[in-house]
Amino acid sequence: QVQVVESGGDVVQPGGSLRLSCAGSGFTFSNFGLHWVRQAPAKGLEWVAVISNDGNIKYFTDSVKGRFTSSRDNSKNTLYLQMNSLRVEDTALYYCAREAAGYDFDIWGQGTMVTVSS
Amino acid sequence: QSALTQPASVSGSPGQSITISCTGTSSDVGGYNLVSWYQQHPGKAPKLIIFEVNKRPSGISTRFSGSKSGNTASLTISGLQDEDEADYYCCSYAGTSSYVFGGGTQLTVL
Numbered sequence: 001q002v003q004v005v006e007s008g009g010d011v012v013q014p015g016g017s018l019r020l021s022c023a024g025s026g027f028t029f030s031n032f033g034l035h036w037v038r039q040a041p042a043k044g045l046e047w048v049a050v051i052s053n054d055g056n057i058k059y060f061t062d063s064v065k066g067r068f069t070s071s072r073d074n075s076k077n078t079l080y081l082q083m084n085s086l087r088v089e090d091t092a093l094y095y096c097a098r099e100a101a102g103y104d105f106d107i108w109g110q111g112t113m114v115t116v117s118s
Numbered sequence: 001q002s003a004l005t006q007p008a009s010v011s012g013s014p015g016q017s018i019t020i021s022c023t024g025t026s027s028d029v030g031g032y033n034l035v036s037w038y039q040q041h042p043g044k045a046p047k048l049i050i051f052e053v054n055k056r057p058s059g060i061s062t063r064f065s066g067s068k069s070g071n072t073a074s075l076t077i078s079g080l081q082d083e084d085e086a087d088y089y090c091c092s093y094a095g096t097s098s099y100v101f102g103g104g105t106q107l108t109v110l
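Residue numbers (our numbering), protein chains in the order written: chain E, 1 to 118; chain B, 1 to 110.
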């Protein structure tokens, strides 16, 4: 079964840090780019970041540049999102999504919740 | 990067057809034939239903179709069914490996 499973969400204070993980299975992990997409409570989807299949190319949405980094360990079939200097507005359900060949997201996890609050 | 513009809500009766629009700019929707659509039921992860403007992934009903004209993409659902009631999001490639989503449209089946 092709799937990705996120973990690592938690409640953290403003200014704090958190690392999310996304484990892939059922497919050749190293062949696919991976994205992070977030959804604030009762809000729409927001694209956050992408990392290429080999981890060498990374892009981030403007609001998280300089605060979030992403990496992957293809030997462990795992993607990471390191979030620093967290803000209240980063509160959201964070999804990991696999990039299909057509610049779209064909496999999504169930998400992991990040709450930034004092 | 501003979000793509979608109507907040649309509705239709079972068996009818509805269309959801998604308006962007020449830097995203109008610049690439790389618009995708996602269906999201409450408490569930998004599901890909249309990619590359008008292509359906395997297993997606032919009742779902997509199109694009200029800076506006559209999703049409024909033969509405109760299970189509969900939120729908468009997404476009926006260059330099970045993407932009629409604000989402809530579909109500009356």
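The reader is advised that the hints may include incorrect statements.
[What the hints assert, rightly or not] Pairs of lysine-lysine residues, derived as DSS-like cross-links and limited to a Cα-Cα distance of at most 27 Å, are as follows:
| no. | chain 1 | residue 1 | chain 2 | residue 2 |
| --- | --- | --- | --- | --- |
| 1 | E | 76 | B | 68 |
| 2 | E | 43 | B | 44 |
| 3 | B | 68 | B | 55 |
[Unchecked claim] Over 10 Å on every C-beta distance to chain E, these chain B residues come out as not near it, computed from the model:
| no. | residue |
| --- | --- |
| 4 | 40 |
| 5 | 63 |
| 6 | 96 |
| 7 | 98 |
| 8 | 102 |
[What the hints assert, rightly or not] Label-pair ranges, simulated between beta-carbon atoms:
| no. | chain 1 | residue 1 | chain 2 | residue 2 | range |
| --- | --- | --- | --- | --- | --- |
| 9 | E | 74 | B | 42 | 48 to 54 Å |
| 10 | E | 31 | B | 42 | 31 to 37 Å |
| 11 | E | 28 | B | 57 | 35 to 41 Å |
| 12 | B | 60 | E | 15 | 41 to 47 Å |
| 13 | B | 33 | E | 85 | 22 to 28 Å |
| 14 | E | 26 | B | 83 | 33 to 39 Å |
| 15 | B | 96 | E | 27 | 43 to 49 Å |
| 16 | B | 62 | E | 76 | 46 to 52 Å |
| 17 | E | 54 | B | 78 | 37 to 43 Å |
| 18 | E | 82 | B | 79 | 29 to 35 Å |
| 19 | E | 15 | B | 61 | 26 to 32 Å |
| 20 | E | 27 | B | 83 | 36 to 42 Å |
No lab work stands behind these hints: they were computed from the structure.
Source: prediction; values computed, not measured.
For glycine and all other residues, C-beta sits at the position ideal for the given N, C-alpha and C.
Against the structure, test the hints numbered earlier, and report the numbers of the ones violated in rising order. 1, 4, 6, 7, 8, 9, 11, 13, 14, 15, 16, 18, 19 and 20
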